[in-house]
Each structure stands twice: as C-alpha cells, then as structure tokens.
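Novice: Whole structure, please, built from the sequences with the hints as guidance.
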Amino acid sequence: MKKRPIIGITMGDPAGNGAEITVKALSDPAVYEKCRPVVIGDAGCMEQAVSLVNKSSHIKIHPIKEVKDACFEPGIIDVYDMGLVDMQRHVYGKLSKMCGEAAFQYVVKVIELALKGEIDATVTNAINKEAINMAGHHYSGHTEIYADYTHTDKYTMMLAHEELRVVHVSTHVSLRQACDRVKKDRVLEVIRIANDACKAIGITEPKIGVAGLNPHCGENGMFGVEEIEEIQPAIDAAMEEGICIPEKKPTPPDSIFSKALGGWYDIVVAMYHDQGHIPLKVKGFVYNKSLKKWDAVAGVNVTLGIPVIRVSVDHGTGFDLAGTGESSEVSLVNSIDYAIRLAVNRN
1 MKKRPIIGIT MGDPAGNGAE ITVKALSDPA VYEKCRPVVI GDAGCMEQAV SLVNKSSHIK
61 IHPIKEVKDA CFEPGIIDVY DMGLVDMQRH VYGKLSKMCG EAAFQYVVKV IELALKGEID
121 ATVTNAINKE AINMAGHHYS GHTEIYADYT HTDKYTMMLA HEELRVVHVS THVSLRQACD
181 RVKKDRVLEV IRIANDACKA IGITEPKIGV AGLNPHCGEN GMFGVEEIEE IQPAIDAAME
241 EGICIPEKKP TPPDSIFSKA LGGWYDIVVA MYHDQGHIPL KVKGFVYNKS LKKWDAVAGV
301 NVTLGIPVIR VSVDHGTGFD LAGTGESSEV SLVNSIDYAI RLAVNRN
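Reminder that position 287 of the sequence shown reads as 287 in UniProt numbering, one-by-one numbering, no gaps.
Everything labelled a hint here was simulated from the structure, so no lab data went into it.
Warning: the hint list may mix true and false statements.
Below, simulated DSS-like cross-link-like pairs (lysine-lysine); rule was C-alpha separation at most 25 Å, straight line [what the hints assert, rightly or not]: (1) 184 with 207; (2) 283 with 207; (3) 281 with 293; (4) 249 with 293; (5) 3 with 34; (6) 293 with 94; (7) 97 with 109; (8) 94 with 116; (9) 65 with 3; (10) 293 with 259; (11) 259 with 249; (12) 109 with 34; (13) 68 with 34; (14) 281 with 259; (15) 207 with 289; (16) 249 with 184; (17) 60 with 34; (18) 183 with 207; (19) 281 with 207; (20) 283 with 259; (21) 154 with 109; (22) 259 with 199; (23) 183 with 154; (24) 109 with 68; (25) 109 with 60; (26) 3 with 116; (27) 183 with 248; (28) 34 with 116; (29) 154 with 199; (30) 199 with 34; (31) 65 with 116.
Specialist: Now the structure itself:
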C-alpha cells in the first residue's frame, strides 16, 4: 500500500467547477486503491462542493497543513488547506482577483511539494487566465507557470485521449507567431520530448508522426517552404539519433490524425496549438444535442520536459455550470489515471 503514489490535485479557480469535479472523482473508492490523493485548495470550498454533489453526501473533508497528516482513506478527502478564499465573498461563475490569487497559489504550492518530494505527481484543475492576471500574475497558462517555477527552458504540452497523443511545437501564441516558431531546433527538441514521453508511459519503441505546417506539406514549396527548410532537417536529425519516424518525412496535417487513430503512430508532433487541440477535442468532447448537454469532456494535458509530473484536465473552469453540481469529472479521472501511470513508470 505504501507504493501507491501520492497525487497532489489542485482545486483550480474557486469560482469554477474544479472543487465539484474533484469531489465526484474522489468519491470513487477505486481511486484510493491506485493512489493516495491530496487536494491543494480551500477546505471551505470543498465542503461547499460536497453539499452540491448529492451522491457524495457521505464524503468528509479533512483539512490538513502537512501532507504527512493526510488519511488517504476512501470517504475522506484530504485537503491541504490554503485558507485563501473568503466564503462570504465567494461567487460561482464570476471573475475575481481573490479567486485568481487563490488558484495561482494552489499551483505554486503543488509544484513546491513535488519538487520537495512530498508528492509523486501533480494534477491540475482549470484556472482562469484572466483571473490570475487580475491578481498580478502574468502567465498565459499552467504550462508557463510550471516552467517558470521549475526553472525549465525546454518544455512542451502533450494532449492525450485514449491512444491519441499530440505534442506541440508552439502553444499559447498567435497563429502568425506560431508559424515563425517552426524552426529546425525547436521541432527536433519536441520530437525528442515526444519520444521520451512515450517511453515514460511504457511504450518501449515509440513511433512518431510529424505534421507539416502548410496544406499538403507545402507541395514541394508551392504553398510554403517550412517543410523543406525546417521540418525535414529536424526529422533527419532525429532519425540519425535512432528515433522512429515511420514515414521519414512530414505528414500532411489533414491526414496525420486519422493515421494516428489507425495505429500508425504512438504520438503526433503538431506544429501549433489548434492543429493539435482540434482533433483531440473532436474525439474527446461529445455533446448530446437531443439532451443539450455534454456526454463527455475527456482528455488530458501533460506538461513534458519539466522535472515534476504534471497532468491537467483538458477543459476550462466551466463557469457556466459551476455551482450546479452537473459538471463532468471524466477528464479529471483520466488525468489522475495518467498521473498514476507516469509516477509508477518513473518510480
């Protein structure tokens, strides 16, 4: 039992749905058979979330100030209580400096605990970028916070849903900037990170697909030369290092994900944010138009290249549903499972 990894889960923006979906996810006793979860957040918010999720009325919140004081028992949610939210001022679904500050500090604390070795992996609920900026913390997302606080220069984002995995050459920049960032050294760096990521989850001989940037991979320079001047040289260098890229050249973006779903690759290197995000979310986000609700909001986000394990839900704060108890916990459950897998393989 002692070998179960300790997973630190941030509560996310207190005005969002993070607390609710955390209560839902940790209501399943099976989670405790695989790991020892501890929530980094505010006990008051978690207590309120328990009352919102009717099926979880048996759940008890256990506030702690040190990880060593956690119970790690089904039916008890251990909360590393930061005490940052004034519940008298707390409002679901509303941007606030208070909630932005709290969400940011939860992330800083979970990174600190991971770097100190008190937890084995971190899982993050959604933050609101506008709220953390209101609080004076000018980051474009979790990935950049983790990179800064772990002093990491070379990192990237991986999205995963079932057997579809995608890493990105660039993420939170404009499309114009993203095109400018497709350079040989960066593409090669991300191919290496993708290869290492697959090995970290137990794929011994990863097969990597590398997307082109332009339509039809530029048609030999007719629609752009990035494939010729930047991407192909990166592929050649990676293959010289022994990395397996089955097609030995960039694959057109409009077909690479269908091939990945068909088992051609274990992971895809996308050239920019939406090139990778759109296919993942088409597969993982399922909206029921007859019931007018989401049947699934699945998928996870993993930050690669940093010295700690970080997995996140692949959705936002859900301000429109926050406080209703109706938000889906599927992405969080997937994130916890992925974090466990990474932690066990690392150990």
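Novice: Could you check the structure against the hints above and give me the numbers of any it violates, in ascending order?
Specialist: Of the numbered hints, 4, 8, 10 and 15 do not hold.
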